[in-house]
Amino acid sequence: MISNFITMNGYGLYVWLSFSVVFISCAIVYFRTKKTLKKYEQDFLMELQALTLEEKNKALENSKVAQQILATSSKVN
Amino acid sequence: MFNFFSSTNIYLLIQKLIKFINSIFFLILVIGLTFALILSPPDYLQGDAVRIMYVHVPSAWIGLACFSVITLLSVFNFIFKIKNFYFINKSIAPIGLLFTCLAIVTGSLWGQPTWGTWWAWDARLTSMVILMLFYIFYILTFKLLNKKELIIKVSSVIAIIGSINLPIIKYSVEWWTTLHQPASIKITGSNSIHSEMLLPLMVMLLVFLLYAALIFLMKYKTEIIRIKKKNINRN
Chain A
1 MISNFITMNG YGLYVWLSFS VVFISCAIVY FRTKKTLKKY EQDFLMELQA
51 LTLEEKNKAL ENSKVAQQIL ATSSKVN
Chain B
78 MFNFFSSTNI YLLIQKLIKF INSIFFLILV IGLTFALILS PPDYLQGDAV
128 RIMYVHVPSA WIGLACFSVI TLLSVFNFIF KIKNFYFINK SIAPIGLLFT
178 CLAIVTGSLW GQPTWGTWWA WDARLTSMVI LMLFYIFYIL TFKLLNKKEL
228 IIKVSSVIAI IGSINLPIIK YSVEWWTTLH QPASIKITGS NSIHSEMLLP
278 LMVMLLVFLL YAALIFLMKY KTEIIRIKKK NINRN
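Protein sequence lines, in the order shown, are assigned to chains A and B.
Reading the first sequence from the start, the letters are residues 1 to 77 in my numbering.
Reading the second sequence from the start, the letters are residues 78 to 312 in my numbering.
The set of hints was computed from the structure by calculation and includes no laboratory data.
Even glycine gets a Cβ: it sits at the ideal position worked out from N, Cα and C.
Accuracy of the hints is not assured; some may be wrong.
[As the list claims (entries may be wrong)] Derived DSS-like pairs: lysine-lysine, alpha-carbon spacing no greater than 30 angstroms straight-line: (1) A:K34 with B:K224; (2) B:K230 with A:K56; (3) A:K58 with B:K93; (4) B:K307 with B:K160; (5) B:K263 with A:K35; (6) B:K263 with A:K39; (7) A:K39 with B:K224; (8) A:K34 with B:K247; (9) A:K38 with B:K247; (10) B:K247 with A:K39; (11) A:K39 with B:K96; (12) B:K93 with A:K38; (13) A:K34 with B:K220; (14) B:K263 with A:K34; (15) A:K34 with B:K306; (16) A:K38 with B:K225; (17) B:K160 with B:K230; (18) A:K38 with B:K167; (19) B:K224 with B:K306; (20) B:K247 with A:K35; (21) B:K160 with A:K34; (22) B:K158 with B:K93; (23) B:K307 with B:K247; (24) A:K58 with B:K225; (25) A:K35 with B:K225; (26) A:K34 with B:K225; (27) B:K306 with A:K35; (28) A:K58 with B:K230; (29) B:K306 with B:K225; (30) A:K34 with A:K56; (31) B:K263 with A:K38; (32) B:K225 with A:K56; (33) B:K225 with B:K160; (34) B:K263 with B:K220; (35) B:K158 with B:K224; (36) A:K56 with B:K306.
[As the list claims (entries may be wrong)] Per the computed footprint, the stretches of chain A lying under chain B, defined by three or more beta-carbons under 8 angstroms from a beta-carbon of chain B, are: (37) 8-21; (38) 29-37; (39) 45-53.
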């Protein structure tokens, strides 16, 4: 039964190759997208931290998104 | 109501949606793969090669759906000048390109055991390659052009011209004699696919849709951060 599952009655090469191509491509795109997102979150945090306290407070007051990124910074790092 | 669509609210919603998709994705993936590779029956003619359908068909559908959304939003953007549509399109295009490429590759892998050839320049296959080229041109406008207004104009024109290809892809199997089989699943009319194969196909479609949504949300979130970063620099 396991041997039938692997060989797919002679079509194993095509079936497994198709599924592998799809899942490897999807995994690469997922990890690249996640990496880019994290990079932008970190860059944003660095820019925020480079501001003076007054500028930082102003930026945080004006932007809930900035607050959110700052709040989740522990996850980012 | 329009306040709900502010970048802040959208950002919070994106975070919740990403968490939700992450929490259910692997369970649905395992169910989908179990159905597709083990539980679904082999085809009476194609044997187990039919299992390629469970990755090929959802890929092709999502490839087509993404371009349809891009075209629709490009038209709306032309008329209503809503900036958000530009960022949505920019986030969707790579997903559409990925799934179109996957549909072509898996189609080729399915073609060899069933048609006896990896590739044929028939109407369906050629029109899918044209769709892939339109995706590449569309994405290149974001990479090569600098002015946002120009990017919106050029990318919208590419999307609208490319949309002519969508009905050609859909009806190519009816208008011309092709190696590709006619549609087995129809929105109107009866399906020529057995429910034992239709169910795994729908589960795999859900898996692919969740994956596409996850990538879209992550890319869109990146775009929002990019805008906020620019705003900080301006202040």
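For each hint, the structure was consulted:
1. A:K34 with B:K224: Judged against 30 angstroms, a Cα distance of about 27 angstroms means the pair holds.
2. B:K230 with A:K56: violated, 36 angstroms
3. A:K58 with B:K93: Holds, at roughly 26 angstroms.
4. B:K307 with B:K160: holds, 15 angstroms
5. B:K263 with A:K35: Not satisfied, since the Cα-Cα distance of roughly 39 angstroms exceeds 30 angstroms.
6. B:K263 with A:K39: Violated, at roughly 43 angstroms.
7. A:K39 with B:K224: holds, 24 angstroms
8. A:K34 with B:K247: violated, 33 angstroms
9. A:K38 with B:K247: Since the Cα atoms of K38 of chain A and K247 of chain B sit roughly 39 angstroms apart, the hinted pair is violated (cutoff 30 angstroms).
10. B:K247 with A:K39: violated, 40 angstroms
11. A:K39 with B:K96: Holds. K39 of chain A to K96 of chain B sits at ~19 angstroms (cutoff 30 angstroms).
12. B:K93 with A:K38: holds, 17 angstroms
13. A:K34 with B:K220: holds, 20 angstroms
14. B:K263 with A:K34: violated, 36 angstroms
15. A:K34 with B:K306: Satisfied, since the Cα-Cα distance of roughly 18 angstroms is no more than 30 angstroms.
16. A:K38 with B:K225: holds, 25 angstroms
17. B:K160 with B:K230: holds, 13 angstroms
18. A:K38 with B:K167: holds, 18 angstroms
19. B:K224 with B:K306: holds, 18 angstroms
20. B:K247 with A:K35: violated, 36 angstroms
21. B:K160 with A:K34: Given that 30 angstroms is the threshold and the Cα spacing comes to 24 angstroms, the pair holds.
22. B:K158 with B:K93: Holds. K158 of chain B to K93 of chain B sits at ~28 angstroms (cutoff 30 angstroms).
23. B:K307 with B:K247: violated, 42 angstroms
24. A:K58 with B:K225: This hinted pair holds, its Cα atoms lying about 28 angstroms apart.
25. A:K35 with B:K225: Holds. K35 of chain A to K225 of chain B sits at ~25 angstroms (cutoff 30 angstroms).
26. A:K34 with B:K225: Judged against 30 angstroms, a Cα distance of about 25 angstroms means the pair holds.
27. B:K306 with A:K35: holds, 17 angstroms
28. A:K58 with B:K230: violated, 35 angstroms
29. B:K306 with B:K225: Holds, at about 17 angstroms.
30. A:K34 with A:K56: This hinted pair holds, its Cα atoms lying about 26 angstroms apart.
31. B:K263 with A:K38: With a Cα-Cα distance of about 41 angstroms, the restraint between K263 of chain B and K38 of chain A is violated, given a limit of 30 angstroms.
32. B:K225 with A:K56: holds, 28 angstroms
33. B:K225 with B:K160: Distance of about 10 angstroms is within 30 angstroms: holds.
34. B:K263 with B:K220: violated, 38 angstroms
35. B:K158 with B:K224: holds, 15 angstroms
36. A:K56 with B:K306: Holds - the C-alpha atoms of K306 of chain B and K56 of chain A are around 13 angstroms apart, at most 30 angstroms.
37. 8-21: holds (count 11)
38. 29-37: Holds: 6 residues of the region 29-37 of chain A have a Cβ under 8 angstroms from chain B.
39. 45-53: holds (count 3)
Violated hints, listed in ascending order, are 2, 5, 6, 8, 9, 10, 14, 20, 23, 28, 31 and 34; each of the other numbered hints is respected by the structure.
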